[in-house]
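Enquirer: All chains, full assembly: derive it from the sequences and hints.
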Amino acid sequence: LPMIGFGQQTFNFMHNGLNREYIYYAPANLPVDAPLVFVAHGFTGSAQGIMSYCGMNTIADQNSFAVCYLQGTTDSWGDNFWNVGYNFHAGVTIDDVDFIVSLASYLQSTYQLSAINTFFTGMSNGGELSYLLACEGPNVFRAFAPVAGTIFPNGLTNNICSPIVPVSIFETHGRNDNVTLIEGDLFDQYWGPYLSIDTIINFWVAQNSLTNLVVDTFPNLNNNNKITISYKYSDPSTNNEVWLYTHKSGHNWGDDGDMVIEQEIWNFFSQMSFTAPSWDCVNNACIDPGTGTGMYLNLAACTSACVVSAIEEYATNRELLKVTDLLGREAKEIKNTLLF
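In the working numbering, the protein residues as written are 132 to 471.
Derived by calculation from the structure, the hints in this document are not laboratory data. Among the hints, a few may not be true.
Derived lysine to aspartate or glutamate pairs resembling EDC-like cross-links, with alpha carbons at most 16 Å apart [as the list claims (entries may be wrong)]:
1. K363 with D347
2. K363 with D329
3. K379 with D389
4. K379 with D308
5. K379 with D347
6. K379 with E314
Just so you know, these numbers come straight off a predicted model, no measurement behind them.
Expert: Here you go:
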């Protein structure tokens with residue numbers, strides 16, 4: 132397997148008969164149960180390209196998390212893509228959602244990464260993949276941070292977004308984006324109809340039952356008038372949030388000089404992170420540390436943790452009632468006693 136950098140390698144992963152490629156990056160001395168962040172490139176892009184462009188390795192080094200840069204498949208025109216519902220990919224059967232879910236499970240197990248704190252971000256077509264995973268993927272990812280993305284209803288089952296559980300979303304979008312219009316375009320004949328950012332944000336706010344909104348403006352540090360406005364929706368009863376940053380730029384990663392978007396993405400992910408679940412012996416249920424309820428985001432991780440917790444609880448809270456022999460008779464002596 133070729134080495135590209137100090138903690139960085141390119142791997143292949145077989146899925147549905149296809150040899151899929153990805154780059155895995157791990158900082159030195161990464162602890163067990165470290166977070167995992169997936170990054171997806173845009174249309175015609177590559178794993179190597181988005182890794183060089185987005186600056187996430189530096190953030191990973193500073194905050195001790197692993198990064199997986201995904202490589203899309205190639206369409207009949209020779210372009211790398213994610214199958215999110217573009218008009219010209221109608222009939223394509225590539226299942227990127229199942230590929231990524233399978234890869235996430237593999238990486239979590241292979242590298243002892245957190246099954247609870249696994250996150251997803253992507254740019255443009257990769258941002259659209261973020262929404263597709265949020266709508267249709269099982270509850271594998273704690274939060275999503277699409278950049279310059281949108282939702283293509285034609286890419287959804289029955290044209291409806293039906294998330295299994297509410298998830299946190301952080302969209303960054305240019306107000307002058309002339310590729311993925313911030314106001315959407317339900318009559319686009321090339322890419323296909325897609326939703327406005329307002330519609331998308333309102334949908335996720337409703338899904339998460341969020342009632343509080345804080346609007347702020349980043350200081351215009353370089354006086355370029357590309358002002359970034361942040362909208363942060365939250366609610367005290369839930370650990371989930373929805374963020375929207377809009378900046379006066381075009382179809383790009385979002386660095387306008389007033390903020391570092393990859394740092395903002397990690398700030399969002401780290402704020403949405405969960406700690407391990409606890410075990411409620413009285414109600415025989417997992418306790419979600421984010422909400423304090425018995426509903427836990429990652430059911431597999433919760434079940435595993437709770438089984439261990441329950442065993443430990445049983446092991447430390449027990450007493451000897453009586454000793455019986457093989458015939459069920461109570462044995463008065465334990466040592467050196469003939470049973471027959």
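Enquirer: Hints first: check each against the structure and report whether it holds.
Expert: Checked hints:
1. Proposed proximity of K363 and D347 is supported: the alpha carbons are some 9 Å apart, at most 16 Å.
2. As the CA atoms of K363 and D329 are separated by approximately 13 Å, the hinted pair is consistent with the 16 Å bound.
3. Pair hint K379 plus D389 holds up; C-alpha atoms about 11 Å apart against a cutoff of 16 Å.
4. Between K379 and D308, the direct Cα distance comes to roughly 9 Å. Compliance with the 16 Å bound is thereby established for this hinted pair.
5. About 15 Å separates the Cα atoms of K379 and D347, which keeps this hinted pair within 16 Å; it holds.
6. This hinted pair checks out: K379 and E314 have alpha carbons roughly 14 Å apart, not beyond 16 Å.
Against the hints set out earlier in the document, no violation occurs for any number.
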